[in-house]
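Here the protein sequences line up with chains A and B, keeping their order. Adding 17 to a residue's 1-based position in the first sequence gives its number in my numbering. Adding 17 to a residue's 1-based position in the second sequence gives its number in my numbering.
In case anyone wonders, no lab produced these hints; they're calculated from the structure. Any given hint could turn out to be false.
Treat identical chains as interchangeable: a pair holds within one or across any two.
[Said to hold, decoys possible] Dumping the calculated DSS-like pairs for lysine-lysine here, alpha-carbon to alpha-carbon at most 27 Å:
| no. | residue 1 | residue 2 |
| --- | --- | --- |
| 1 | K250 | K381 |
| 2 | K281 | K50 |
| 3 | K176 | K281 |
| 4 | K176 | K41 |
2 protein chains.
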Amino acid sequence: MSKITIGLFGFGVVGEGLCNVLAKVQMKEAVVKKICIRDGRKPRSLPRELFTDRPGDILDDPSINLVVELIDDAEAAYHVVRRALENGVPVVSGNKKMLAYHLEELIALQEARGVALLYDASACGSIPVIRNLEEYYDNDLLISVKGILNGSSNFILSKIFNENMEYGEALRMAQELGFAESDPTFDVEGYDSLFKLVIITVHAFGTYVHPDDLLTFGISKLGADDIRYAREKGVRVKLVAQVVKLGPDKFTMFVLPQLITRDKYIYSVEDEFNGVVIKGECYGKQFMFGKGAGGYPTGSSVLSDITARLHDYRYEYKKRHGATRFSYTDDCSFRLYLRYAREEDLALFPFESITERYWSDNYKYVIGHVRLADLVKIKEEIARRDVFIAAAPLN
Amino acid sequence: MSKITIGLFGFGVVGEGLCNVLAKVQMKEAVVKKICIRDGRKPRSLPRELFTDRPGDILDDPSINLVVELIDDAEAAYHVVRRALENGVPVVSGNKKMLAYHLEELIALQEARGVALLYDASACGSIPVIRNLEEYYDNDLLISVKGILNGSSNFILSKIFNENMEYGEALRMAQELGFAESDPTFDVEGYDSLFKLVIITVHAFGTYVHPDDLLTFGISKLGADDIRYAREKGVRVKLVAQVVKLGPDKFTMFVLPQLITRDKYIYSVEDEFNGVVIKGECYGKQFMFGKGAGGYPTGSSVLSDITARLHDYRYEYKKRHGATRFSYTDDCSFRLYLRYAREEDLALFPFESITERYWSDNYKYVIGHVRLADLVKIKEEIARRDVFIAAAPLN
């Protein structure tokens, strides 16, 4: 492609960020022809005639040769992306939830129609983690990808640990600064990280795992006692997404708060930043660090996908065609910290062994080994109880 | 290319590392057919018949469709690479000195013959800095690339600062561990970093600058007083290579020891690791960190270039074809720390202004502003004097 004519869906933080970045870099090869928004009457920072509320104005316009999808609603995003790909029009998307639920089908559709879907902006904003897994770490024996993939929850944890804020106060501040949505559930309960992990895993191990099958636990129940405990032990609580190879053709993955020791790279990832550690047998550990959210950083990442289209770039999904077929397993154990109040909450947890136990009137915890599969089974129940759980690192 | 038949030049740390990595990942699409070495009689870890000491056995073999050049001697490397490219055979090279001196000509040759030369392994071992500048940070308004690009000198500095070793002792340890060559001049005097910086700058700003025109000063004259000074001020001395945009179409670049404050990412880059900070207007700061040297990490990086050839990847040198023609300037000032013994050494330095001055019988320093152009003019003279210089960050 020598000239890209963009049809843009969505004009929120990232959509507007992309338009600002495009204006700033004065790119002549890519222009936004039309922007489809839900509410056509809302005042906008760009000329009125650019906007429409009819998807067909983009999807049926043969002069548009790239659809950029940056809308909030995962279901609506899915229909836009599918229709564009079916029409043979390449797509750049930033919607991690949509991708996490539909990637398997969308990869098949890309292959069937020979059309590209790029989404580096969907995971870790400005950090090019997908592109690097796809292009650079594609041949080595990958051991793990671990990281802080959600800026909002990390911002909250930083304020709690470094400035002694309470959880609610830190959350309000994150919302005021635009790092957290007005409904922060996805961020603080770990779903945003989980969706990104599902996408990353497709490029790390070549295998799609449905997000509903995976363990996720967030930071909304982190309490003053947990924070004091972490401080006393000289560790920080971070919300970590990880996929780790186990044996020759298995991997496991989950999103959990972790007690992170000072010697880990992600210990120092603060505020709204993201950090990813890629570990391979030959190169050891690679650490990538940068802004994971915000209009400009994410807009800039979307622009990287757009300019990649100028060179007809597409993901090859190399790991999916590799010699080894990796599959997900939850048949593994790890050390879990559990803070609880009532004995029946403790009883819910099928510990294989308990190695530490403390109780007082107001604060009770155990640390012990537990099978991931056993936790996955009771994950909805865990979410309803007044408990906080956190993992010790697998390796 | 569906199958890569490699002719390998060199079987040192990286060449042997590559063969080990290839064996480890069991790649079927790439095989080493012949290895050209200088000394055919030296015992090797691979079968005798793989080796030759006649370059023609590779360069004249039509079945070899990729030349991988991993030899020490820059002049010999240049002739091998040029001959292969002239024959239309793509090349992967790890020789930073050869590239730093001949890149301009080799880019022209690539374009004239339509053949690819890849060299991501030449800068920062396992950190994919060139590929990311070329592919991902290709559209944004880049502000700077700064980093610790040499593992050997950083290892020495870490031992000095963290373990109170003396310079000579730390250097011997680096040599024993294989991080420094028996002639460590390139590493400790900053030339290795400079060569990498010249290569990086071609991909960051699209402009080739001859290494002989640039200021380089290393760490071999770092003394006990300098170390004590840095400790008292709570900073660390790091050998930093940087290229920084100045104004709309200029940049400056140099390699100097720097007094690095604790709030900088590279403050925490220790031992043989490399760390690179890429700064852009839209995405802010990106930090990449990993092993910069050693057979496996660098071999793994060479393999990334080899597998990129399976997908017919080549550098597009996008910044060279960008709208802005950037040029190098040394018409800029910065704050310099100068430790000296004799007044005539101080007098050599054309300070524009001196902001701090200290002297005692055994230790004398000044800090002041100095023009880069004035330092470049006297760089050979500086190298002969008993002085140590270090930069404060430009921004």
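Evaluated hints:
no.	hint	result
1	K250 - K381	within (16 Å within a copy, 44 Å between copies)
2	K281 - K50	neither (46 Å within a copy, 41 Å between copies)
3	K176 - K281	both (19 Å within a copy, 20 Å between copies)
4	K176 - K41	neither (32 Å within a copy, 44 Å between copies)
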